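Chemist: Spelled out, the chains give:
Number of protein chains: 2
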Amino acid sequence: MSTPNPTVGAFLFDAIYNTGTRYTFGIPGDFALPTFRWLDQSKLKLITLTHEPSVGFAADGYSRASGEMGVAVVTYCVGGLNMLNAVACAYAEKSPMLVISGGPSPSDRRTDSLIHHKVKTFDTQRRIYDEVTCASAVLNDPETAADEILRVIREVKAQCRPGYIEVPYDVVDMPIKLPQAKPAIVAVSDREMLEAALLEAADFINNAKQPVIIADVELHRHGLTDLALEFAKKVHIPIAATLLSKSIIRENHPMYIGVFSGGFSEPAVQKYIEESDCLILLGAFISDVFLGMNSVSLERKKCILANTEKTRVGLHSFENVQFADMVQGLLDAPVKVRERFENPNPPVDAVPLSAAEKTEALDADTVFRLLQLHMGDNSTLVCDTGDSLLGAIGLRTGKSNNFISDAYYLSMGFAAPASIGVMAANPERRCITIIGDGAFQMTGIELSTAAKLGMKPIVIVLNNDGYGTQRHIIDGPFNNIHRWDYTKICALLKYGTARTANTKGEMEQALQEAMAGDDMFFIEAMIPKHDCTRPLKRLGEQLAAQRDPSKRK
Amino acid sequence: MSTPNPTVGAFLFDAIYNTGTRYTFGIPGDFALPTFRWLDQSKLKLITLTHEPSVGFAADGYSRASGEMGVAVVTYCVGGLNMLNAVACAYAEKSPMLVISGGPSPSDRRTDSLIHHKVKTFDTQRRIYDEVTCASAVLNDPETAADEILRVIREVKAQCRPGYIEVPYDVVDMPIKLPQAKPAIVAVSDREMLEAALLEAADFINNAKQPVIIADVELHRHGLTDLALEFAKKVHIPIAATLLSKSIIRENHPMYIGVFSGGFSEPAVQKYIEESDCLILLGAFISDVFLGMNSVSLERKKCILANTEKTRVGLHSFENVQFADMVQGLLDAPVKVRERFENPNPPVDAVPLSAAEKTEALDADTVFRLLQLHMGDNSTLVCDTGDSLLGAIGLRTGKSNNFISDAYYLSMGFAAPASIGVMAANPERRCITIIGDGAFQMTGIELSTAAKLGMKPIVIVLNNDGYGTQRHIIDGPFNNIHRWDYTKICALLKYGTARTANTKGEMEQALQEAMAGDDMFFIEAMIPKHDCTRPLKRLGEQLAAQRDPSKRK
Chain A
0 MSTPNPTVGA FLFDAIYNTG TRYTFGIPGD FALPTFRWLD QSKLKLITLT HEPSVGFAAD
60 GYSRASGEMG VAVVTYCVGG LNMLNAVACA YAEKSPMLVI SGGPSPSDRR TDSLIHHKVK
120 TFDTQRRIYD EVTCASAVLN DPETAADEIL RVIREVKAQC RPGYIEVPYD VVDMPIKLPQ
180 AKPAIVAVSD REMLEAALLE AADFINNAKQ PVIIADVELH RHGLTDLALE FAKKVHIPIA
240 ATLLSKSIIR ENHPMYIGVF SGGFSEPAVQ KYIEESDCLI LLGAFISDVF LGMNSVSLER
300 KKCILANTEK TRVGLHSFEN VQFADMVQGL LDAPVKVRER FENPNPPVDA VPLSAAEKTE
360 ALDADTVFRL LQLHMGDNST LVCDTGDSLL GAIGLRTGKS NNFISDAYYL SMGFAAPASI
420 GVMAANPERR CITIIGDGAF QMTGIELSTA AKLGMKPIVI VLNNDGYGTQ RHIIDGPFNN
480 IHRWDYTKIC ALLKYGTART ANTKGEMEQA LQEAMAGDDM FFIEAMIPKH DCTRPLKRLG
540 EQLAAQRDPS KRK
Chain B
0 MSTPNPTVGA FLFDAIYNTG TRYTFGIPGD FALPTFRWLD QSKLKLITLT HEPSVGFAAD
60 GYSRASGEMG VAVVTYCVGG LNMLNAVACA YAEKSPMLVI SGGPSPSDRR TDSLIHHKVK
120 TFDTQRRIYD EVTCASAVLN DPETAADEIL RVIREVKAQC RPGYIEVPYD VVDMPIKLPQ
180 AKPAIVAVSD REMLEAALLE AADFINNAKQ PVIIADVELH RHGLTDLALE FAKKVHIPIA
240 ATLLSKSIIR ENHPMYIGVF SGGFSEPAVQ KYIEESDCLI LLGAFISDVF LGMNSVSLER
300 KKCILANTEK TRVGLHSFEN VQFADMVQGL LDAPVKVRER FENPNPPVDA VPLSAAEKTE
360 ALDADTVFRL LQLHMGDNST LVCDTGDSLL GAIGLRTGKS NNFISDAYYL SMGFAAPASI
420 GVMAANPERR CITIIGDGAF QMTGIELSTA AKLGMKPIVI VLNNDGYGTQ RHIIDGPFNN
480 IHRWDYTKIC ALLKYGTART ANTKGEMEQA LQEAMAGDDM FFIEAMIPKH DCTRPLKRLG
540 EQLAAQRDPS KRK
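Quick mapping for you: the protein sequence lines, in order, are chains A and B.
Residue 326 in numbering that gives the first Met the number 0 sits at position 327 of the first sequence; the count goes up by one each step and never skips.
Residue 17 in numbering that gives the first Met the number 0 sits at position 18 of the second sequence; the count goes up by one each step and never skips.
Since the hints were made in silico from the structure, they are not lab data.
These numbers were taken from a predicted model, which means no experiment stands behind them.
Hints may be right or wrong, so weigh each one.
Identical chains blur together in the list; that is why a pair holds if it fits in one copy or across any two.
[What the hints assert, rightly or not] With a Cα cut of at most 27 Å, we get these calculated DSSO-like pairs of lysine-lysine:
1. Lys528 with Lys451
2. Lys487 with Lys451
3. Lys493 with Lys455
4. Lys156 with Lys119
5. Lys44 with Lys528
6. Lys493 with Lys451
7. Lys119 with Lys309
8. Lys493 with Lys528
9. Lys455 with Lys487
10. Lys270 with Lys536
11. Lys42 with Lys451
12. Lys487 with Lys357
Between the sequences and the hints, there should be enough to build the whole structure, so can you do that?
Modeler: This is the structure we're talking about:
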């Protein structure tokens, strides 16, 4: 007697479990209910959220914090299209995520009838997802479904980008044909190109006076951070991170000099990078954010660039060189060991509040200074876009991989739902979520899910009465928002403790109470309307100086 | 001296104003800030919301309530992609909407650099929007921008579907080249086909015993409702509406027999329609919702179908017949005048609560019965998906065009943000918004915008502790949600009055207080977890009977 084949649904969730993922995130809907029934019977845990944009961010947060593939399960169109922005964020920032959507039956497709949730054609959702994913499949046929599932998962893992699987509501219950053993096509480096690139890179580094590594997020995504750090330690070259990779190594590491982000950077970091004659950019996104909204430019002839898309030494590109081979290769390449270097920007102890300061009005910079003083080493910071992110540039987190933000795609509303995924991945770390008031109005209500699950984030809303970062670009009535009594969120959710901090002393007290307690702790930090953090001020000064040379420092 | 040409931004908003639209809806972001500056200086009013999914629904609500084009203004990708589901809803339900998105500069496109918010390519957002719109343009060139703007607006108005205009952040400030006068291509009917269709239709109707008109939403979208009603009155043929077109004529009109939606319908309506030998389907969407989740089927040979896509009499299709010509033509066609008909389902007075009932536990049906008793003629009902919609089937609203729901696309979370647009369009009508607790958790927080603007909706949350409608399909832990203290929404927003109604008497009292007052009034209506409205029960019984003939009534 042979065991019957599993159903499409059972096979799908087993395949996901086998990749290492343990949590999934979703919201059901009628086209997806049979899929949810299989998910409920699988070994995977499911966290349901309140709104689909949050489902995507939570799955992404889980992915970033755990290193595993994030999984988002939604219904057809009304769910899937509502989540699109969060998946686009994962695509842009190369975070591996699998979207599973319920879908119409193959028989619906044959008659092309008007079924609720249908937009233009039954393929509308898949076509849209093709624009924000690296692989997609519609499981119309249980004969090919297993191979399709494995193909999409393989691409997601290899490319660290989202994939899309649409599961018809009836096919999900059908027995699957087991996968055909096919050798996976694994990309390999052109050995001659690789060796030439490594020798040229080694030579370039050896001839440089002030080489520095910028360790960016693709190292983390592809599990190569340890190799890069080993290389740095072996040859004594310091490491900077970027806003997107912040905390890729612990930020009190002796080799670490801080976050580079052009004109947003701490001055010592910016100076050291700009004066470097050899920037080793590993896994880097050379984006406008990387360059501090293009406040600086980096000469390509001074750079060694290796990421999943390119390998370049100075102006020489090398084709068909795999990123992992290049990073591994650097470790074995003939790079000379340097004298121990003087860290241009070592961590400094944050200055405690003086008695006089405690009664002063709170400002944005002080929130981050107090976080540095009190957050301890066992916290993960999740920062939303704007000053919530910029203010954290100079803050040093105590462990690796404990800072999470969508620092390239910059979608407001990321942090609250992403925190749900982060807490699922790292229950042993305290999650501190920092959100502007505008972004909090977008998705802050997702703390409902923290309440449902008994999660205990510390949530800090930087309330500067509107879209503060935008006020520094173009101000107008469109940057005004309705002023909530934010602390009432705890009453609405019947969960957590809330404080409003008007002064620096109140902020410190709230933060200490939050850290000491065992509860969701919500802090409304009152920030003057036109205040901003030092990094944003620095950028403004540098951009002004570019326009007016007399203001150059 | 010649007047300088207006900028692209000024021209765009002037062109929109000239169509009759008065309100726009949006959320700014850096790529869109220069566009918002022009919007702020235009004759249009701008309502900013909290989250982009709401922007789309609010613009759609405005469109449905005003009959004008809804306008949604957002930033590139993080805004536009976040709003996609609401635009898909407008596409699916043929509601005219114009999406205006900020975008990158043509010079960014030339270098194809990594700019924040970029996903795959700079064309990603436009390609995605091409799947949910009828026309799109990216205004990279001020020489052609005016023609492009007018082309997209013309298509939106003609097709009653969304269009997309992407405005680069720098081009918006440039002087525009005034439009070239080009004759617009207007589709015209094939006269021979039209005449044949009309004669055959007249003959079909004249030979029928029980003809009935189903007046669907395309009549409303294309301004043809009055013609259809005139036809009905002239020849004495009764009119039904659908869930999507409910209130297309006032529901106490003597020619009106109720809402047809297959097995969801009131029994008298369903019987009358199913027994009809001539269904005149004007502007109809023959969807699964139309057919009560396919609980009934309609024989095509008994139908006359005229909408923007098809003209069919029995099994005969007629090509190139314009919908408007067909409706106008029916009025002039040789259709015989019938005897006055007996309305099979006249409006009946709702039965007041007895003294004994007042202390009974509230249920879903009673909410709608009390609405019928107390909502008066000057209210607009906005209903979310699920029982919030189904419960309203038998309720008779007192004026035309005062019922709004996304009754085909069925996206949860529609009602709260759509209400913002509805109230902007019809400030003189009281807006009553009915939302399930699950849908309220999605977008209910958008009442923030009502608070900001001093709008005074009556909001009824049907709290049945989870995704109630889904529990009747497949139940599981995925249908559970965190139970909020919903009435605390007023404290969070610092606005409005809130009541919880546990009994029928409390519900009546709350509703009377709400109607009498001049405030946002929030009512949490406590519904037993497994209760549902009569229409959903009726459907369940009919579907069960189809499977088991012994249960047929």
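Chemist: Mind listing which of the numbered hints don't hold for this structure, in increasing order?
Modeler: none
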